[in-house]
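Since the structure of chain Z is provided, determine the placement of chain E on it from the hints.
Chains as they are written, first to last, in my numbering: chain Z, 100 to 368; chain E, 448 to 703.
If you are wondering where the hints come from, they were derived from the structure by calculation, not from laboratory data.
Cβ atoms here follow ideal geometry from the backbone N, Cα and C, with glycine treated the same way.
Please note that a few of the clues may not be correct.
Some chain E residues judged to face chain Z by a derived CB distance under 10 Å, without partners named [said to hold, decoys possible]:
| id | residue |
| --- | --- |
| 1 | Leu479 |
| 2 | Ala487 |
| 3 | Ala590 |
| 4 | Gly591 |
| 5 | Ala650 |
Each computed SDA-like pair below joins lysine to any residue, with the alpha-carbon atoms no more than 20 Å apart [unchecked claim]:
| id | chain 1 | residue 1 | chain 2 | residue 2 |
| --- | --- | --- | --- | --- |
| 6 | E | Lys497 | Z | Gly163 |
| 7 | E | Lys497 | Z | Met286 |
| 8 | E | Lys470 | Z | Asp167 |
| 9 | E | Lys694 | Z | Gly163 |
Computed footprint of chain Z on chain E, listed as stretches where at least three residues anywhere in the stretch have a Cβ under 8 Å from a Cβ of chain Z [what the hints assert, rightly or not]:
| id | stretch |
| --- | --- |
| 10 | 513-519 |
| 11 | 606-617 |
| 12 | 623-636 |
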Amino acid sequence: MSTAVATAGTAGGSILSVQVAAMAARSVVRLLRQPAAIIPSVIFPLFLLGVNVGGLNSATQIPGFPTDSYITFALGFTFIQAAIFSTMNAGQGLAQDIENGFFSRLLLTPMRPTALMAGQLAGLVLLGQFQALLYLAVGLAAGADFAAGVGGYFVLAALVSIISVGFGGIGLIMAIRTGSGEAVQGMFPLMFVLLFFSSMAMPRDLIEQDWYRTIATINPISYLIEAIRSLMITGWDPEALALGFGIAIVLAIASISLAAASLKGRMLK
Amino acid sequence: MIRPYFSSAWAVAWRYLHNLYTKPAVFIPSLLFPLFFLAAFAGGLSVVGKAPGFGYYDFTAFQFCFVLIQASTLAGVFAGFSIAADFEQGMGRRMMLATIHRSSIVVGFAIGAASRLLLTWVVVTGVALLGGMSVAGSGINLAGMFSLALLGNIAALLFSAGIALRFRSLQAGPLMQMPVFIILFLAPVYVPQNLLTGWIEPAASVNPVTALLNAARSLMAGEPTGLLAAYGVAAGMILVMAVWAIKGLRSAETAG
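So that you can see chain Z by itself, here it is in the shape it has in the complex:
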């Protein structure tokens, strides 16, 4: 990587892209070398999907349930859960760099903050794409519908990428501000709460408890799940997709901006 950065230093106009590529390559290689970090984030969402589908399949017989296949309904939640795991992966990677001094050494190089963050997130986007493909394949093999067809897959891939960047940005903020992998891991329960108090297991209009429905309605996670779910159940639902993409883009912009501001603050210290 140092060779790439040095080369970048003499390459003139393409410095940023070379730096991003170098950091991205490092991020991807590091991810691939840590199966212990990847495997739980891939397997655990599938396990929970299996448990929910086996346990809640009878819910499809409730009047008003949008599909007769619970796996079709539940598959969308799996993608979001995986994206939340990616928050931890991104934050953990950067926190590790801060803890072991690699981050300080990077600051002595001409590396730009943008390249550092983009590189950290590249591995996550790659993992997100792998997960999207795997979960869709498992879901389809288990009998799920994908009403949007082949075109829908590309929309799904795009949405998953933006969501991964958004949640990855949250992990980066935590890592930069605390410099502690333990603190990043400590965020997991909070993210899990956000996930559970959404429309993950039931459509919002079928949630009986008013307080729960209110929380699920103001919880942005619900709209991310519902956008993916719409591709599975209805095909092309402009409202659900617009809400999903809108929230994902706002989340990505906000988290990356905050991470960048935090990074500048840390570099000044």
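Frame of chain Z; chain E shown alone:
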């Protein structure tokens, strides 16, 4: 002989409880966790109680039984974390030097883990009652239900202690937590066993937690069934896990 043994065990239990209740950052999450599950399941999934064939008298009570078993077993696991932390920091070795019978260390943690349950039970039951849960079982039925949760707690503590004493590091935390978490969710969590479909149906039928959960739910409903199987399974789990924990203790002794 018995008196010094239990004196050591009580000292370990007291120290465990003292450390627990003087560290809110450790204690509060373990108290909030079951409340979160109770709220998420009983609040978000209550419509599932109207699915054809569900047949249980109250959905909140149905979920409460799962949360009770879950909170009790996880309390055992959290005590396992404390054992691992003690050995990681060197306290475990000092405790082994200070006790005549080292199994009193595990017994002490078991007493501590069971004692912490009281507050968890009071809080979770209180919140469930405030949330509108109705109780159909009699006092004796409820005592039976809580006793099953206690047995689950002891089995989980012994399992976690076995791991903690072998690894003597908090890094073994996922090895204690994940298997318990998985086995809990392979039981009939959301619906009665007869409504499970797919691969989880056979998994639940051979899962020992299913027997505990079904019996606890029957006691809560005031129509006890499967009690013999539930107590038998609990006793079996405790026996196997006690051997596992004792062998872990021997491993810790060998390691010095």
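Legend entry - 20 Å Cα cutoff - pair E/Lys470, Z/Asp167: violated (48 Å)
Inset, instruction - Please verify that hint: E/Ala650, Cβ, nearest Cβ of chain Z, below 10 Å or not. - result: holds (8 Å)
Inset, instruction - Would you mind confirming whether the straight-line C-alpha gap from E/Lys497 to Z/Met286 stays at or under 20 Å? - result: violated (35 Å)
Inset, instruction - Using 10 Å as the Cβ threshold, decide whether E/Ala487 counts as touching chain Z. - result: It holds, given that the least Cβ distance between E/Ala487 and chain Z is near 4 Å, below 10 Å.
Inset, instruction - For the pair supplied as a hint, E/Lys497 and Z/Gly163, confirm whether the alpha-carbon distance does not exceed 20 Å. - result: holds (12 Å)
Legend entry - Hint check: 10 Å Cβ-Cβ cutoff, E/Ala590 to chain Z: violated (29 Å)
Inset, instruction - For the hint on E/Leu479, just tell me whether its beta-carbon gets within less than 10 Å of chain Z. - result: Status holds, d = 8 Å.
Legend entry - Pair hint outcome, E/Lys694 versus Z/Gly163 [Cα-Cα no greater than 20 Å]: violated (55 Å)
Legend entry - 8 Å C-beta criterion, at least three residues: is the stretch 606-617 of chain E covered by chain Z: violated (count 0)
Inset, instruction - Return the status of the interface hint for E/Gly591: holds when the least beta-carbon distance to chain Z is below 10 Å, violated otherwise. - result: With a minimum Cβ separation of about 25 Å from chain Z (threshold 10 Å), the hint on E/Gly591 is violated.
Inset, instruction - Go check the stretch 623-636 of chain E versus chain Z for me, would you? Three or more residues, Cβ under 8 Å, otherwise it fails. - result: holds (count 5)
Legend entry - Check of the stretch 513-519 of chain E against chain Z for coverage (Cβ-Cβ below 8 Å, three residues minimum): violated (count 0)
In this structure, the earlier hints numbered 3, 4, 7, 8, 9, 10 and 11 are contradicted, and the remaining ones agree with it.
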